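> Please take these sequences and the hints and turn them into a complete structure.
Residue numbers (this note's numbering), protein chains in the order written: chain A, 210 to 613; chain B, 210 to 613.
Identical copies look the same in the list; a pair holds intra-copy or inter-copy alike.
Below, computed lysine to aspartate or glutamate pairings styled on DMTMM-like, alpha-carbon distance capped at 25 Å:
{"id": "1", "residue 1": "Lys262", "residue 2": "Asp558"}
{"id": "2", "residue 1": "Lys262", "residue 2": "Asp592"}
{"id": "3", "residue 1": "Lys262", "residue 2": "Asp593"}
{"id": "4", "residue 1": "Lys565", "residue 2": "Glu335"}
{"id": "5", "residue 1": "Lys236", "residue 2": "Asp564"}
{"id": "6", "residue 1": "Lys262", "residue 2": "Glu541"}
{"id": "7", "residue 1": "Lys236", "residue 2": "Asp558"}
{"id": "8", "residue 1": "Lys236", "residue 2": "Asp570"}
{"id": "9", "residue 1": "Lys262", "residue 2": "Asp590"}
{"id": "10", "residue 1": "Lys496", "residue 2": "Glu553"}
{"id": "11", "residue 1": "Lys262", "residue 2": "Asp543"}
{"id": "12", "residue 1": "Lys496", "residue 2": "Asp573"}
{"id": "13", "residue 1": "Lys236", "residue 2": "Glu566"}
{"id": "14", "residue 1": "Lys496", "residue 2": "Glu421"}
{"id": "15", "residue 1": "Lys413", "residue 2": "Glu317"}
{"id": "16", "residue 1": "Lys478", "residue 2": "Asp581"}
{"id": "17", "residue 1": "Lys577", "residue 2": "Glu475"}
Simulated from the structure, these hints should not be mistaken for laboratory data.
Just so it is clear, the structure is predicted and the values come from calculations on it, not from any experiment.
2 protein chains.
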Amino acid sequence: MKTFELVEGGVTAPCGFRACGVAAGIKYQNRKDLALLVADGPAAVAAVYTTNKVAAAPVQVDRERTRGGVAQAVVVNSGCANACTGATGLANAVEMARLTAEALGVEERLVLVCSTGVIGVNLPMERIAAGVRAASAALSRTGGHDAACAIMTTDTVDKQVAVELEIDGKTVYIGGMCKGSGMIEPNMATMLGFLTTDAAVHPKALDQALRESVELSFNRVVVDGDRSTNDTVILLANGAAGNQTLTPYHPQWQYFVDALTRVCLELGKKMVLDGEGATKFVTVRVKGARTREDAQKAARAVSKSALVKTSWFGIDPNWGRVIAAVGYSGAEVDDQRAQIYYGEICAYDQGRVADKEQLKDMQDVMRKRAFDVTVNLNLGDGDDTVYTCDFSYDYVKINAEYTT
Amino acid sequence: MKTFELVEGGVTAPCGFRACGVAAGIKYQNRKDLALLVADGPAAVAAVYTTNKVAAAPVQVDRERTRGGVAQAVVVNSGCANACTGATGLANAVEMARLTAEALGVEERLVLVCSTGVIGVNLPMERIAAGVRAASAALSRTGGHDAACAIMTTDTVDKQVAVELEIDGKTVYIGGMCKGSGMIEPNMATMLGFLTTDAAVHPKALDQALRESVELSFNRVVVDGDRSTNDTVILLANGAAGNQTLTPYHPQWQYFVDALTRVCLELGKKMVLDGEGATKFVTVRVKGARTREDAQKAARAVSKSALVKTSWFGIDPNWGRVIAAVGYSGAEVDDQRAQIYYGEICAYDQGRVADKEQLKDMQDVMRKRAFDVTVNLNLGDGDDTVYTCDFSYDYVKINAEYTT
Chain A
210 MKTFELVEGG VTAPCGFRAC GVAAGIKYQN RKDLALLVAD GPAAVAAVYT
260 TNKVAAAPVQ VDRERTRGGV AQAVVVNSGC ANACTGATGL ANAVEMARLT
310 AEALGVEERL VLVCSTGVIG VNLPMERIAA GVRAASAALS RTGGHDAACA
360 IMTTDTVDKQ VAVELEIDGK TVYIGGMCKG SGMIEPNMAT MLGFLTTDAA
410 VHPKALDQAL RESVELSFNR VVVDGDRSTN DTVILLANGA AGNQTLTPYH
460 PQWQYFVDAL TRVCLELGKK MVLDGEGATK FVTVRVKGAR TREDAQKAAR
510 AVSKSALVKT SWFGIDPNWG RVIAAVGYSG AEVDDQRAQI YYGEICAYDQ
560 GRVADKEQLK DMQDVMRKRA FDVTVNLNLG DGDDTVYTCD FSYDYVKINA
610 EYTT
Chain B
210 MKTFELVEGG VTAPCGFRAC GVAAGIKYQN RKDLALLVAD GPAAVAAVYT
260 TNKVAAAPVQ VDRERTRGGV AQAVVVNSGC ANACTGATGL ANAVEMARLT
310 AEALGVEERL VLVCSTGVIG VNLPMERIAA GVRAASAALS RTGGHDAACA
360 IMTTDTVDKQ VAVELEIDGK TVYIGGMCKG SGMIEPNMAT MLGFLTTDAA
410 VHPKALDQAL RESVELSFNR VVVDGDRSTN DTVILLANGA AGNQTLTPYH
460 PQWQYFVDAL TRVCLELGKK MVLDGEGATK FVTVRVKGAR TREDAQKAAR
510 AVSKSALVKT SWFGIDPNWG RVIAAVGYSG AEVDDQRAQI YYGEICAYDQ
560 GRVADKEQLK DMQDVMRKRA FDVTVNLNLG DGDDTVYTCD FSYDYVKINA
610 EYTT
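Written out as structure tokens, the structure is:
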């Protein structure tokens, strides 16, 4: 993949988008908890949603609305997931979008709605209504940061990324923001992602680009195909840059997809770094697997293992837990051919174990904030990478105290 | 299932078995770490082993030896798993059995060998040899407790169970001991189980009885079909009670299988109660599922979720995390039909959420050392139960500090 220049900003880096974040008092007072993201006119839209069989009300609304391939605004609240809320929840999600459409003067069917927070609680609709009014007045060309703050739940930092590229001689931006930080059982910690671009992209091609990018980014850090009740990634493309409409037949198509993937991957990495209680950012690479699917299975099993994650927290190069996770991952493995590395240092080499002196070197690797664990199965060409974090006391603390 | 009278003791409760545990200095000094279990003569044997593709050396040896259906002795060490140790490890496992056969004067092929502890370290064979000699001299009719202590690793208590029953008018005992306590990612925390009975049982029938019992017990607490590199359950039946040889055609066959299941289930529950850092014993029951398989998937997903487990630790009836886990488990679920209970109190009833006052009652339920979480999916007759524990600060501490 080509590298791209990262630039300042997030969803308002591309031309023709405004955003904001306001404090609507949904769960806490004086904390931004309602975000609005609006394109100056109808834009092409693509989205991917949770595969959880229990899908929140806003997901049900958006699934329907993004089918048309056009949208103009997204309203998002934190503090309440509006999940498992039945007919009332569905009505509230529709109403939240209607209020937004009214305040903005855009067609109701072009407004999408997202929620994140506690499950099983109804949206406080009066506060939502007041929040939507305040937000529509606060929209700004530089409001990306406020919006990124408003969508946070247990996140400790806002997460924004933007890149600049050139297509058909025109300057094009892709920007994004996301929330999500529960990296241990990420399938239950809601991830919301919002992406914008001023490139002109055909709606069907936009869907393909988003799916490819998400597969190589969020699906490599959010560790599992399983999802929370609310997971959503939405991409809006408004065409303001004036390029020839992008499709897979455009000569710069792959360049655009790579740039979009880069934005998603950087956002994904920020989620890992902000993992609940995380002290380490770990890149788990499995190579030499029989197939790429095997490499992926193995890398995911290692990344999800609580025993492996606690060993990272404990600065313990416990490769035995790594190979045991590979062993139950479903991937082919022969422990007499496998090799395991911490950084560049080989902990386990086809049946031979590292010396005590090397143990100290491996611990030095693990003392860094970010390090790599590489497994070479020496069985084929399969290669895949997952980005993850460790498992600390604070993970337990955060999740034991995050109350219903 | 009938209930059975539990009696004192473990593997030496049945007649014709001797056992002991000695300190061989394998990893620590002055701690029992080598156990021996011996039948007075050749006995019928059945065993189940890990499904992990990386199987430890002793597992490879035993798989071969138990195929014949006859065994007489089992030698077990803690402190070293003898896994990922290649040809040397295999030779050491065979040698450990040979030393035992020699010391006991029994046929080498009738000796089984088990190891548990750190992966990737070779057995200290001189200490093993001395330990085997000491153990063979220490064998006793009342040595079950010492043996149960010697197989412990991060276990905080030894685990023994025995029951008494009557078959063909003869008094029969079934006894057992086990080790294992890592209930969060149990697929990596080695579980060893040793069962004895003085009933006469046909070897093929013994295998069937063990598989049925394990499925309803250890496989309901050890939460996943995935296994560590060393998991092993061995059952010896020496026929000393003098009953008619049991087969599925014996009128008391099911009674025997139920009793065996009871022993396994009680041992399994002791493992959960000793879960690393566990403060709660939680029975997760899913009923009303479309099928029993669905019920099992859902119960396992709830039991394995780190977010659910931390909420139990935090005395937080966070049913939202429960239903989200059911939602990604693969089981059919309709959140507008599902109900979730903590003890007898309904937290979520087909779209309706419990009152704030009931929250307090649910927290009272959760303050107990043991409580039930029940999910009724209201979709069919599928019913299954999993026994599990919470996830505390101490889990992280124990596993971050358990060093390679």
